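One-letter residues, chain by chain:
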Amino acid sequence: MAGSQDTVSESQNVGTGAERDWQTRLEVFSKSDFARSFPYWFIPFSIMGLGVYGGIGYNTLISLTDYEGFNEGPDFSPGNLDLEMYVQTVNDPWVWTTGKNTFVLLIVFTTVTMVLGLFLAVMLDRGIRYKEKIQTVYLLPMALSFVVTAQFWLWMYNVNNGLINLLLGAVGLGPYNWIGDPSLVLGAVIFALIWQFSGYAMVVFLAGLQSIPDDQFEAAQVDGASVLRTYWRVIIPQLKSSSVSAAVVLVIFALKAFTFLFSMFGQYRVPKGTDILATLMVREAFKLQNWAYAAAIATILLLMALAVIAPYLHYQHKQGSL
Amino acid sequence: MSKATRPADGSFADVLPELDYWKIGLSLVITFFFAFFLAPIWTGIVTSFKTSGAVTATTPLTPPLGDGFTVEKWARAIDHLSTGFINSLIMTIPSTIATVFLGSTAAYGLTLVDWGKRAQFAVLILFLVGIFIPYQAVLVPLSDFWINIVPLAEVLAPVWELSFMEYAHARLLSLTITHIVYGIPLCMLLFRGYYLTLSDELVEAAKIDGASITTIYRRVVLPLSKPMVGVVFIYQFTAIWNEFLFSLTLIGSSSSPAATVTLVLSGLGTDLSGIDFGLRMAGALFAALPTLIIYAFFAEEFAQGLAAEN
Chain F
1 MAGSQDTVSE SQNVGTGAER DWQTRLEVFS KSDFARSFPY WFIPFSIMGL GVYGGIGYNT
61 LISLTDYEGF NEGPDFSPGN LDLEMYVQTV NDPWVWTTGK NTFVLLIVFT TVTMVLGLFL
121 AVMLDRGIRY KEKIQTVYLL PMALSFVVTA QFWLWMYNVN NGLINLLLGA VGLGPYNWIG
181 DPSLVLGAVI FALIWQFSGY AMVVFLAGLQ SIPDDQFEAA QVDGASVLRT YWRVIIPQLK
241 SSSVSAAVVL VIFALKAFTF LFSMFGQYRV PKGTDILATL MVREAFKLQN WAYAAAIATI
301 LLLMALAVIA PYLHYQHKQG SL
Chain E
1 MSKATRPADG SFADVLPELD YWKIGLSLVI TFFFAFFLAP IWTGIVTSFK TSGAVTATTP
61 LTPPLGDGFT VEKWARAIDH LSTGFINSLI MTIPSTIATV FLGSTAAYGL TLVDWGKRAQ
121 FAVLILFLVG IFIPYQAVLV PLSDFWINIV PLAEVLAPVW ELSFMEYAHA RLLSLTITHI
181 VYGIPLCMLL FRGYYLTLSD ELVEAAKIDG ASITTIYRRV VLPLSKPMVG VVFIYQFTAI
241 WNEFLFSLTL IGSSSSPAAT VTLVLSGLGT DLSGIDFGLR MAGALFAALP TLIIYAFFAE
301 EFAQGLAAEN
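If you read the protein sequences in the order shown, they are chains F and E. At position 229 of the first sequence (counting the first as 1) the number is 229 in our numbering, and the numbers step up by one without a gap. At position 229 of the second sequence (counting the first as 1) the number is 229 in our numbering, and the numbers step up by one without a gap.
Don't read these hints as lab results, they were simulated from the structure. Fair warning: this is a prediction, and the values are worked out from it, not measured in the lab. C-beta atoms are modelled at their ideal positions from N, C-alpha and C, and glycine is treated no differently. Everything hinted at is true.
Here are the simulated lysine-lysine pairs, DSSO-like style, with alpha carbons at most 30 Å apart: (1) E:K23 to F:K133; (2) E:K226 to E:K117; (3) E:K207 to E:K117; (4) E:K23 to F:K240; (5) F:K318 to F:K240; (6) F:K133 to E:K226.
Calculated from the model, a selection of chain E residues having no Cβ within reach of chain F, i.e. all distances over 12 Å: (7) P158; (8) S199; (9) L202; (10) A205; (11) P227.
In isolation and in its complexed conformation, chain F is listed as follows:
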């Protein structure tokens, strides 16, 4: 901006008509809201843009190379760029296994968390006492790091002394090796994640419930509908927008549930039954140094996330809530 002021003062001394016109326009421009507000949004925007879009672009480029090991860096010479890594991912049975696990985690975790969150929200919405306090406790797991909650659940699932087996033992079941058994471990992880996230779904639904005017509820009551029926028929259908928001955040989380898994098992290699694309990607990159291959898996993950985000943003836009 300092530069433009210099030229303006210069133009006051010399300058033909056309030049002066150009200078005035520049002066007007430099005082416009666009120019004045430019630093406010553009600095954060460019920092973020470099990290997010620059990062994604660079990742895509790396995925086209065959960069691996502790090299100086990827080789971007044109002859080196091809889709070989993507062919490899498609032919890798392990990618399909982890893809399936990702999908199971995504569907079961999102569905159960939403249903439980909605149930808790409806309960707390019923004008009960100490609502804020109860809500605070239900939401507490969400304030904790996955690194921390993974430790709690590792202990909960302990074969000999864990609380889960203790409770099941009281009704004559078990003990089960929740963490060690490949057929149980995914369910165990999903259950722990539901514990952590249902408070979040509850908060989103509560916000939605509170925006619905009371008289709708009362009108349904006057018509003789029961409480359950009123919720089912009148109130819950209006929570579409909250449901979409909650579902998107949960799905996005499920796609990248890396931290919880890594922390629970303390290593890159997580048990077979619970290996998902997110853990596979990090392991390929940071344990095995298969950078290009990991970048290709990351691209697949990104596309899966975008497949959820794009319709969501479109939906939000159509709703007028952007």
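With chain F held as given, fit chain E onto it using these hints.
For chain E alone, coordinates are given in the frame of chain F:
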């Protein structure tokens, strides 16, 4: 918020004859979930105060009694984690402050100033996508960037001559900057939601008085942002403190002098004989302490940040 739409608590009660049964059932269900959400944390707390013998001899719900009580696990956990704890603080506080500030200016430039609605919308969409992308999609470039393109450790070579600084601390700085970069979109969104609720009149009035964009931000918007700054700060602090993926991939090893507390915790108390759960639980609780304290005092702000995220 509920008070605005529902003037009296339990206003449905008057129209519901069957409510008494409901209430009993409701209390039971609420108590059940109370226990459900607290049980893992409770077992963690009691276990962290038990001797190794008591951990196996008593149930995980029983509080430590008599000989079974010890603070030794906590002492060891704090001893192990204190460096990581300090590293986490050094990293989290500046990156939170920077993100909150940048998020606020970005939201200001995109909501309260009108420089072309369509262009502003396009910029907004680019920010929003930045919130949702899986970080896996930028991990390989990030690690390449901080190792090969901008190797801070070499760039800042003279700094490591200082006695209290170590070469590895460069990685902590990379981590701080990384958190700022990827924290901006969400902070922007939180502030944007708030700025949209501010009345236009104040800004318009200031404009008519001839105040510049900068003056409006400093004199009008920033003072009005105070409540939201609190919400965003708390939310962002918790998010960065709890973060693990960037710590793992940028710092690498839990034995690095720059390791954050979450990184150190993931391997704590493991040896050939298995996991020392008392130590592990004490470590987990110690690592969670700042977020627990914040949550105890500002649970409402945290919930607000969470609800505003979508």
